[in-house]
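**Student:** Residue numbers (UniProt numbering), protein chains in the order written: chain A, 1 to 363; chain B, 1 to 363; chain C, 1 to 363; chain D, 1 to 363.
Hint data in this document are derived by calculation from the structure and do not stem from the laboratory.
Fair warning: there could be bad hints in the mix.
Copies of the same chain look alike in the list, so a pair counts if it works inside one copy or between any two.
Derived lysine to aspartate or glutamate pairs resembling EDC-like cross-links, with alpha carbons at most 16 angstroms apart [to be verified]:
(1) LYS111 <-> GLU266
(2) LYS253 <-> GLU269
(3) LYS185 <-> GLU45
(4) LYS182 <-> GLU45
(5) LYS253 <-> ASP27
(6) LYS253 <-> GLU266
Protein chains: 4
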Amino acid sequence: MTISVAVSGASGYAGGELLRLLASHPDVTIGAITAHSNAGTRLGELQPHLHSLADRLLEETTVQNLSGHDVVFLALPHGASAEIARQLPAETLVIDAGADHRLEDPAAWEKFYGTAHAGTWPYGLPELPGRRERLRGARRIAVPGCYPTSALLALAPGFAAGALLPDDVVIVSASGTSGAGKAAKVNLLGSEVMASMSPYGVGGGHRHTPEIEQGLSAAAGTAVTVSFTPTLAPMSRGILATATAKVAPELLKELVNTDAATIGTEAGEASIAAQLRRIWLDAYEDEPFVHVLPEGQWPATKSVQGSNHVAIQIAFDAHAGRVIVCCAIDNLTKGTAGGAVQSMNIALGLDETSGLSFQGVAP
Amino acid sequence: MTISVAVSGASGYAGGELLRLLASHPDVTIGAITAHSNAGTRLGELQPHLHSLADRLLEETTVQNLSGHDVVFLALPHGASAEIARQLPAETLVIDAGADHRLEDPAAWEKFYGTAHAGTWPYGLPELPGRRERLRGARRIAVPGCYPTSALLALAPGFAAGALLPDDVVIVSASGTSGAGKAAKVNLLGSEVMASMSPYGVGGGHRHTPEIEQGLSAAAGTAVTVSFTPTLAPMSRGILATATAKVAPELLKELVNTDAATIGTEAGEASIAAQLRRIWLDAYEDEPFVHVLPEGQWPATKSVQGSNHVAIQIAFDAHAGRVIVCCAIDNLTKGTAGGAVQSMNIALGLDETSGLSFQGVAP
Amino acid sequence: MTISVAVSGASGYAGGELLRLLASHPDVTIGAITAHSNAGTRLGELQPHLHSLADRLLEETTVQNLSGHDVVFLALPHGASAEIARQLPAETLVIDAGADHRLEDPAAWEKFYGTAHAGTWPYGLPELPGRRERLRGARRIAVPGCYPTSALLALAPGFAAGALLPDDVVIVSASGTSGAGKAAKVNLLGSEVMASMSPYGVGGGHRHTPEIEQGLSAAAGTAVTVSFTPTLAPMSRGILATATAKVAPELLKELVNTDAATIGTEAGEASIAAQLRRIWLDAYEDEPFVHVLPEGQWPATKSVQGSNHVAIQIAFDAHAGRVIVCCAIDNLTKGTAGGAVQSMNIALGLDETSGLSFQGVAP
Amino acid sequence: MTISVAVSGASGYAGGELLRLLASHPDVTIGAITAHSNAGTRLGELQPHLHSLADRLLEETTVQNLSGHDVVFLALPHGASAEIARQLPAETLVIDAGADHRLEDPAAWEKFYGTAHAGTWPYGLPELPGRRERLRGARRIAVPGCYPTSALLALAPGFAAGALLPDDVVIVSASGTSGAGKAAKVNLLGSEVMASMSPYGVGGGHRHTPEIEQGLSAAAGTAVTVSFTPTLAPMSRGILATATAKVAPELLKELVNTDAATIGTEAGEASIAAQLRRIWLDAYEDEPFVHVLPEGQWPATKSVQGSNHVAIQIAFDAHAGRVIVCCAIDNLTKGTAGGAVQSMNIALGLDETSGLSFQGVAP
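Put together the whole structure using the sequences plus the hints.
**Tutor:** Here you go:
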């Protein structure tokens, strides 16, 4: 079977990663490659790493150019993708790597994005409870944001199992600079970002906050409140999410003193740690791309570089009464383009892992 | 006035940074430079950046070699410094960049370090309430750990002002690799750490945790419980601490709905944010090295590289009912050697800023 | 067809990259994975990026463990591979990623390696004139060094065409730190190498010098003398070779003044530049992995990261009478493991590009 | 004595580095700080590392604003500085960090810069033969380019001593990205430059080429032809120059076989190496900032980061008949702002090293 695909936004980082993956997908033929201001340019000039596609010319991002493909990937600024998607046939599989169709709550959308809500599409994170089914046969898919992908994979199992308290979640994530896009900005120059860590969007203002809360609330069956702080790390790719929540009191009863702020018995601590670990192991047992690391090993973003793999580790801090989950993904692969291809595979009934790598490019 | 100083542990990163600062300190003459296994080696071979000291030979770290100086800096593995310090005259100013004399609670020391407690020395973080006074004239000073320096400067004002709840503090810090020392280890090779973020010591196990709790508890006047997660970032120097705590209910009363999990009125939010900001501005108003950035600007570790400067910014997240404080320091300067020199200046009655730079080396 | 392969030296960088590529090679089954001091360890502990092989245990590197496979890859210190290879059956395809069997001249071997010469095997750089044929059906293959791969691909076409003078070749190469291996050494710590460039093996002492001269001399049909300087760059992977040689006088005759040190007419310069460019274009016209970039575009190592691709550009400097060729490869892929897999493909009559990527992992 | 200085171009990297150094210069008071499009902005917003100057406002770069200072530093695009300088009083010391007044040959200027030649000023590289004298009392000084600073310090002693052939010089330099300036360009984004090496301006087209030839020719007393290739390295600061030239035949006579392409006796080689080394040692014996490293040690750019130091090492390659000199500087310090301050010190009769650091910021 050969599936024809079109990729819009091909001069950016998300578009480039989509093309990188699709170029070696065994079931796919790449049709139109489109862009906005770079239409007419040779792809090799903009994406010099895509050697097998170097001589392809970028077409204009129009409904006409994107039509006639089995699948259309949209890697466009928010607002633009809803506009295009509306005009594509219902039977075309449209996969939106942008934000337009992720949020279910129009009020949250309007608060964080300032425009009218464009509707909600099936959410392309099949590892969340109940999500894979909704992707089967879907013809519209919203790819999750990169921060939400890592944050939700980190904490959803705990919330789904009722092991975590919903009002005290703190997530601090470090992202590679490609997450900030390819627009020329002084604060993203190599001279500025190399050898430097800095936060941004602090205080709840980052647009991925409501998306994280939406996913965790769905897993918990109750409203979850999140304090989310993104930081920029001196690397091109990768997200390391450090996510922590208080453990539910019923789980802590094995501590002699159940006050979460007091250290209990070692045996009690070990038992709770094992119970918590079991929750994540069970949740991801059959997942091809999510891996709970053996005890003692911690995820590093480089170990998943260029792959669709997700590396997770869990710790229980009895003293603070908290679970801390660290999750590493490649923001461009599992966090964007890999998640998109995985979702396409599910929607079309292909092998879910087709065209995706389990091996990171390291060191 | 010329002060003679000795530096032990001169082949490591802390020792190298001490020498870098002391070499341009206007009141100091560098006497003995000592090391353990590298005794006999030319300093330029081990610390090629210290050009004006390149031809100095490292002596053995012995009490005899360190004796006869006004000030002795110890940059030794924990355990070793207590042993040496015990044998130096009481009138010598001994400044320990190691951990031996930081913790007040012998039980915490023994739990985290596994050896007998060596006693507690005045704590070299003069910006904490009441600490500067105790350093004046002191002859034994414990330099704070690098993570505690940034975490305490981030949160102590809020606790001292009674604005934060003590049982829900989360700190996630990203450190440059020099914080992990100069021992040859595969996991610290450039090939491993470049382009990668990874956590370690997760779950409350890092030895700086009790030191952070000790400092915050002293500021709060009550026991503070901290969940602390350190991560390794692909840079040589710098710490970015992202520290967050729940805001005390009495401060939140200006929100129409004081439930911390609910967004209140904008005016109420702005008022609380301003009150919180005022606490940090007041706390650091007269501090030469700590700077609360103007609103809208966030700290970046590179902006303090090589300097003793501390850059801080505060955000109030009304939705989560939390304050988030980001603090950037150079782990080797303000976080170790700069803090040590600043403490020496205070102890000896010199200008507190002597020999220390306000300017970071950037870009 | 399924080919069984064994990989020795699996805990190092070359071994890890071999496994990364072989794990997704469609015709290959991975048999024994062996190591020396790490025998008995879980692979995931040593190579955390190889997720699909994480639970495999490393066996001891012995002839017995390596026997019984169609192909044996040796990624061992020099000396060790010759010893093992001698004991493997003649019909086994043995591919040595080490240096033991690269040099044809026993005197050069002994001068640079200090041990007895182990003999010469077909050289696994099929893009050199006449080399691909010798690899077909071969059962012993020496994989070129990473520096020689880039240097030879940069200059061999010019020498084969008689366009370059043989006694004035200068090559300066920048390599990622993985080229220096995975042994724990202070000078390779992330803290040391990040944000720093440094040379090593300057003055003709690097062991890859005779290998570069051997390859260029074979292409030229006369002895070529090379000044080669390797430098270490702050990145994990990649080599950028800047290679330059004087252009032969007969080519320069179109300059009004044929003195190489004098700038001639612009038309003459353009004509010579075009003739030179044509030599490289013709040499690599049918090569799947070597790409002479369009004029105006220069190779960047990141554009070939993780791929077997080679990006080349040529400039003619009329003023200096020199051609300058810049060549970017991934030292671990095309420079080691990719070259090894490509050679295996040729030796066994598979599609030469099987299991190898044309797309770099960028940004 | 207090000298009042003005700095123009203060929002760029050169201007920022000038301010960083001048802020801790003991004899200097910083007057006007000017910029073009950023006039009116708080300096702390543009140069967040300059903490002690953070609240200064940028003025417009006009003759009026720059007037009334003892010294005016120009860190402006070429063309702009000549225009301003023409209108400043003759008794004001004007130090141009730009290119306008470096080249002596109007034809070379016009060929490489395309505008009319603005005249030549004393060249601010006092370590070159005869240059320091011309700086004493000067009121117009042209700061050398960053690449020329490192290239000239590497090779000038050899040419001045007549030890090198003038027609076969190859220089390959790796520069940190700050050398490419602070303008927002996609190819300079962190995502693009991290983990990547790439060349540019290959083939003799870089504007620093005629400046290097001018300096070497002056040292040699005859025209020197240079092949110069700059490359961009994944670091913010630093230049590593690898410079090589053929050794003059009279020096090679101690080789049994004086054919440069043939290895001679070991004793002969050692003797030539020692003679060559002596030339550089003698040339820099009394220089405060230039250091020929002990044998066996090679320069690393990080060892000079933020300092005015120059680290040099020399190797003799008997086989190729070449000397290879590696030279590391900080492109912004010794390569720009440090060289400017050093020149100011000489011109005004201050201690030449005042306000400049010998210690690099490492690791």
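**Student:** Using 16 angstroms as the alpha carbon limit, work out where LYS111 and GLU266 are close: within a copy, between copies, both or neither.
**Tutor:** This pair counts as between: shortest inter-copy Cα distance 13 angstroms, intra-copy 46 angstroms.
**Student:** Between LYS185 and GLU45, at a C-alpha cutoff of 16 angstroms, which is it: within one copy, between copies, both, or neither?
**Tutor:** between (20 angstroms within a copy, 15 angstroms between copies)
**Student:** When no copy is specified for LYS253 and GLU269, does a C-alpha distance of 16 angstroms or less occur within a copy, between copies, both, or neither?
**Tutor:** Within one copy, since 10 angstroms is at most 16 angstroms while 37 angstroms is not.
**Student:** Within, between, both or neither: how does the pair LYS253, GLU266 come out at a Cα-Cα threshold of 16 angstroms?
**Tutor:** Cα proximity of LYS253 and GLU266: one copy only (13 angstroms, versus 40 angstroms across).
**Student:** What label fits LYS182 with GLU45 when the C-alpha limit is 16 angstroms: within, between, both, or neither?
**Tutor:** within (14 angstroms within a copy, 23 angstroms between copies)
**Student:** Can you tell me if LYS253 and ASP27 fall within 16 angstroms by alpha carbon in one copy, between copies, both or neither?
**Tutor:** Classified as neither; 52 angstroms inside a copy, 54 angstroms across copies.
The structure is inconsistent with hint 5 alone, although it conforms to all the rest.
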